[in-house]
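Number of protein chains: 2
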Amino acid sequence: MILDYKRTEDGLDKAARKAEIGRMRAMLVGQQQLIRDAKLPVVVLLEGWDCAGKGNLIRELICEMDPRFFQVKNFGRTPEYEERYPFLKKFFDVLPESGKFLFMDTGWMEDTVGKYLRREITREEYDRRVNSCNIFERQLRDNGYVVVKLFLHISRDEQLRRITALRENRDTQWRVSGDDLWQQQEYEQFLKTYDEFMESTEKTAPWHVLDGENRKTALYDALEAITGTVERAIADGRYEGKPTGYKFPLLGGPSQKDADLTATIDPKKYDKKLRELQEKLAKLHNQIYRKKIPVVICYEGWDAAGKGGNIRRLAYPLDPRGFDVIPIASPTPGEKARHFLWRFWTKLPRSGHIAIFDRTWYGRVMVERIEGFCSENDWQRAYGEINEFERELTDWGAVVIKFWIHIDPDTQLERFEARQNTPEKQWKITDEDWRNRDKWPQYEEAVEDMLQKTSTTYAPWYIIESVDKKYARIRALQIVTDALEKAVEENVTRGIKSIKGKKKEQK
Amino acid sequence: MILDYKRTEDGLDKAARKAEIGRMRAMLVGQQQLIRDAKLPVVVLLEGWDCAGKGNLIRELICEMDPRFFQVKNFGRTPEYEERYPFLKKFFDVLPESGKFLFMDTGWMEDTVGKYLRREITREEYDRRVNSCNIFERQLRDNGYVVVKLFLHISRDEQLRRITALRENRDTQWRVSGDDLWQQQEYEQFLKTYDEFMESTEKTAPWHVLDGENRKTALYDALEAITGTVERAIADGRYEGKPTGYKFPLLGGPSQKDADLTATIDPKKYDKKLRELQEKLAKLHNQIYRKKIPVVICYEGWDAAGKGGNIRRLAYPLDPRGFDVIPIASPTPGEKARHFLWRFWTKLPRSGHIAIFDRTWYGRVMVERIEGFCSENDWQRAYGEINEFERELTDWGAVVIKFWIHIDPDTQLERFEARQNTPEKQWKITDEDWRNRDKWPQYEEAVEDMLQKTSTTYAPWYIIESVDKKYARIRALQIVTDALEKAVEENVTRGIKSIKGKKKEQK
Numbered sequence: 001m002i003l004d005y006k007r008t009e010d011g012l013d014k015a016a017r018k019a020e021i022g023r024m025r026a027m028l029v030g031q032q033q034l035i036r037d038a039k040l041p042v043v044v045l046l047e048g049w050d051c052a053g054k055g056n057l058i059r060e061l062i063c064e065m066d067p068r069f070f071q072v073k074n075f076g077r078t079p080e081y082e083e084r085y086p087f088l089k090k091f092f093d094v095l096p097e098s099g100k101f102l103f104m105d106t107g108w109m110e111d112t113v114g115k116y117l118r119r120e121i122t123r124e125e126y127d128r129r130v131n132s133c134n135i136f137e138r139q140l141r142d143n144g145y146v147v148v149k150l151f152l153h154i155s156r157d158e159q160l161r162r163i164t165a166l167r168e169n170r171d172t173q174w175r176v177s178g179d180d181l182w183q184q185q186e187y188e189q190f191l192k193t194y195d196e197f198m199e200s201t202e203k204t205a206p207w208h209v210l211d212g213e214n215r216k217t218a219l220y221d222a223l224e225a226i227t228g229t230v231e232r233a234i235a236d237g238r239y240e241g242k243p244t245g246y247k248f249p250l251l252g253g254p255s256q257k258d259a260d261l262t263a264t265i266d267p268k269k270y271d272k273k274l275r276e277l278q279e280k281l282a283k284l285h286n287q288i289y290r291k292k293i294p295v296v297i298c299y300e301g302w303d304a305a306g307k308g309g310n311i312r313r314l315a316y317p318l319d320p321r322g323f324d325v326i327p328i329a330s331p332t333p334g335e336k337a338r339h340f341l342w343r344f345w346t347k348l349p350r351s352g353h354i355a356i357f358d359r360t361w362y363g364r365v366m367v368e369r370i371e372g373f374c375s376e377n378d379w380q381r382a383y384g385e386i387n388e389f390e391r392e393l394t395d396w397g398a399v400v401i402k403f404w405i406h407i408d409p410d411t412q413l414e415r416f417e418a419r420q421n422t423p424e425k426q427w428k429i430t431d432e433d434w435r436n437r438d439k440w441p442q443y444e445e446a447v448e449d450m451l452q453k454t455s456t457t458y459a460p461w462y463i464i465e466s467v468d469k470k471y472a473r474i475r476a477l478q479i480v481t482d483a484l485e486k487a488v489e490e491n492v493t494r495g496i497k498s499i500k501g502k503k504k505e506q507k
Numbered sequence: 001m002i003l004d005y006k007r008t009e010d011g012l013d014k015a016a017r018k019a020e021i022g023r024m025r026a027m028l029v030g031q032q033q034l035i036r037d038a039k040l041p042v043v044v045l046l047e048g049w050d051c052a053g054k055g056n057l058i059r060e061l062i063c064e065m066d067p068r069f070f071q072v073k074n075f076g077r078t079p080e081y082e083e084r085y086p087f088l089k090k091f092f093d094v095l096p097e098s099g100k101f102l103f104m105d106t107g108w109m110e111d112t113v114g115k116y117l118r119r120e121i122t123r124e125e126y127d128r129r130v131n132s133c134n135i136f137e138r139q140l141r142d143n144g145y146v147v148v149k150l151f152l153h154i155s156r157d158e159q160l161r162r163i164t165a166l167r168e169n170r171d172t173q174w175r176v177s178g179d180d181l182w183q184q185q186e187y188e189q190f191l192k193t194y195d196e197f198m199e200s201t202e203k204t205a206p207w208h209v210l211d212g213e214n215r216k217t218a219l220y221d222a223l224e225a226i227t228g229t230v231e232r233a234i235a236d237g238r239y240e241g242k243p244t245g246y247k248f249p250l251l252g253g254p255s256q257k258d259a260d261l262t263a264t265i266d267p268k269k270y271d272k273k274l275r276e277l278q279e280k281l282a283k284l285h286n287q288i289y290r291k292k293i294p295v296v297i298c299y300e301g302w303d304a305a306g307k308g309g310n311i312r313r314l315a316y317p318l319d320p321r322g323f324d325v326i327p328i329a330s331p332t333p334g335e336k337a338r339h340f341l342w343r344f345w346t347k348l349p350r351s352g353h354i355a356i357f358d359r360t361w362y363g364r365v366m367v368e369r370i371e372g373f374c375s376e377n378d379w380q381r382a383y384g385e386i387n388e389f390e391r392e393l394t395d396w397g398a399v400v401i402k403f404w405i406h407i408d409p410d411t412q413l414e415r416f417e418a419r420q421n422t423p424e425k426q427w428k429i430t431d432e433d434w435r436n437r438d439k440w441p442q443y444e445e446a447v448e449d450m451l452q453k454t455s456t457t458y459a460p461w462y463i464i465e466s467v468d469k470k471y472a473r474i475r476a477l478q479i480v481t482d483a484l485e486k487a488v489e490e491n492v493t494r495g496i497k498s499i500k501g502k503k504k505e506q507k
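Sequence lines, in order, name chains A and B. Under this note's numbering, the first residue of the first sequence carries the number 1, and numbering increases by one thereafter. Under this note's numbering, the first residue of the second sequence carries the number 1, and numbering increases by one thereafter.
Worth flagging that the hints you see were computed from the coordinates, not collected in a lab. Please read all numbers here as calculations on a predicted model, not as lab measurements. A few of these clues could be false.
[Stated by the list, open to error] Covered by chain A, according to a simulated footprint, are these stretches of chain B (three or more residues, beta-carbon under 8 Å): (1) 56-63; (2) 299-313; (3) 343-354.
For every residue, glycine included, the Cβ atom is placed at its ideal position computed from N, Cα and C.
With the rest of the complex left out, here is chain A:
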């Protein structure tokens, strides 16, 4: 048991401790520069009991640091039913860029344990989240993040004393919430579950328990844990995780070889079919909005394959208030300096909304792989990280649909030339398109790997044959309407279920 904790006496007297704290604070200030040079992002997670003094500890940690290179984020309690995003999103959102510190006043532990014990999520959802937290921590580490996890511990009696003191003073009584009182009452249950959580999340980054009953030793121990971890990370250099051997429920395809590029649609039937499907989609959009089902539609494909026109036909019937088309270009410096999925996490749709990504996170295993913008470890590892990411989305309740818009090299050449020869379309064709075209075989291989390694039962790939663009549009619309229809009928997902369950309980 991790929380069955007695601090080992270190024999420092008051003056010596003060000197040591001063030394380590100065060290931390120096490390702000060192992690910039080493391009390390550092996340310090501070969890702990209500009234244990977390805010105060953070203040003592940061007081000499240069505010340009760190941030503090406080995660208060969000009632589950107010959350319209996957629970990890709020933590991804605040990830620091390389060279910066982030201090988090509670995080993924409180969000999991607290919600479970307050009966806002089911046990099943709790277990799932523990697993997600482990994945999150591993992904952070593998992508170069240094994570320091602290837990500020106080006994039940000490918590009661502090709550009582706060409540006796008119100026501070507002600080004690019903949640605090409830934790006090359920202290033993919280103790057990905190401990359980910590035991299950020691794999990637260890927990450091701090004795919250003594401010000075807690500060000392926290500084020691942080500066020690950062020092080792600087000495070791930025960590780059190897691909993991995890198993996903893969469909093993589709393959470009099986695509029938001669597929066409009778132009006379096209207009009617298009109208029919668009009308159907408009109705379904309405329903997924009301049922709060989130939808993520991914478009990848060859240059000039007809992505843009395909997306427009899909978007046309949607209520503009309920969807976004998200064009993905090459990452900005701030995006490059973070976890490669960060810029996608921050753009997820709210529940009930549709996000259409015009190019996606698969850039990691295509252009970044081929152009050498990331290491082989990075893109090899990305298949698993992407599968995990999409699993988070579907576990949350999202419908995830992925399209590879497919043509052959001859069709592409024809379209490139047509663009070149039509003045108002010339902007659509750049030297880069021609350079990419020269790499067709490399891309073909990368696409094939991607289709093999990331087509899962929960987030399948569809090859959309697009030599006949009209055929491609009908096919994409058909797949989307089918998937949404199914989702509306089932109206099932663990995330959403747990919320519903809770609501019913309350009535």
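Given chain A, work out where chain B should sit, using these hints.
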């Protein structure tokens, strides 16, 4: 009266109208490229009656556009008491960058008229907002934005017919809100106030009224207004506003000449005074948090004047959950491509929180002026735009405090050399610092202009003499605690008052 409106018959038959719509849609697609080349950002604001078909109209406008170069933002109703930011912030937040279109489904008009008629804001606050909307539109125009304002109009009877139809169908009845019913009932009052608002906001960009009872002509007229306005803007080139002659309540100083750089504090008294003021500040932070008073503290000053250490002493007693230090570096490309205040609007504190800006929007009239990063028109105009910005903040209820951390050239040289000679401080001194130092006289002049032109009764400048850094820290702390004490006692501001008023009314 603008809404006393009858569409002029244009004699187009159905086929001709369809052809014209097709032509203008293609033109709009072409304009997406042209505005990229001309570096124009375009904002299309669509206001109008509930159930007038705004969502549908936007869909018809965008259906052929390239989703990479436009966005749609929907502003539903935020109850006033849930808002923790100045009302214009949400519109600043979504401003497009140069070369992109933004379509807004309702905006600053509904947010003003709707809230007023729903009695969420007072008449006084309504009048203030109308003025703010005019300032907002002028600032947009002066900073190169093209703004097209549309109003989708339907009669009271037509609205009733639509509400009834929606309510009769089980699938759509949820779409009718209490707000819609209330607007129907209060139609005449809304009509009068919409019209009044439109009359008062015709100065910068005219309103285009669309007949919402005929979808085709509404679309036609909207396309004509948008493509026509954009075409003219492209022909004229990006607009650059001249400085305005507006009057602000200026204090006419302080001046660097009056600063007494020999000011010092007895080091023995320093520790005691520091502790006293920090304790006081901690208590005040608590109170402004509870009273929801927002605080904006701005730091500007000479390189090596001691800004960082000053900020740290100020931040130390603050609860990390209730403040942010916001370091401002040179703008990113995305920031440069927007209104120069955009990156500050997006970083404002929530009410009850403190934002400490380490460098600020005054970069516009210092480094950008001196280095020629913007035109003379731009920085000359900026004094007024900044005064208007800070007025928005104080009207919302914020305490705004601005510090110029002041030293003389000799002191700077001494500190530069000390940094150069101390290995762990070398990173703090760059070639740019030396180059800036060579421009001391230009900066001195720019600082003087800034102090003269932007020290207002509501957002005064303070020169903090910082040859003795300890003196400077005490002085800054003293000014902040005095200002917060006053704010807590008065607990006054128009924004906050109007909310309080509303809450009381409801009880």
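Consistency of the hints with the structure:
no. : hint    : in the structure
1   : 56-63   : holds (count 4)
2   : 299-313 : holds (count 3)
3   : 343-354 : violated (count 0)
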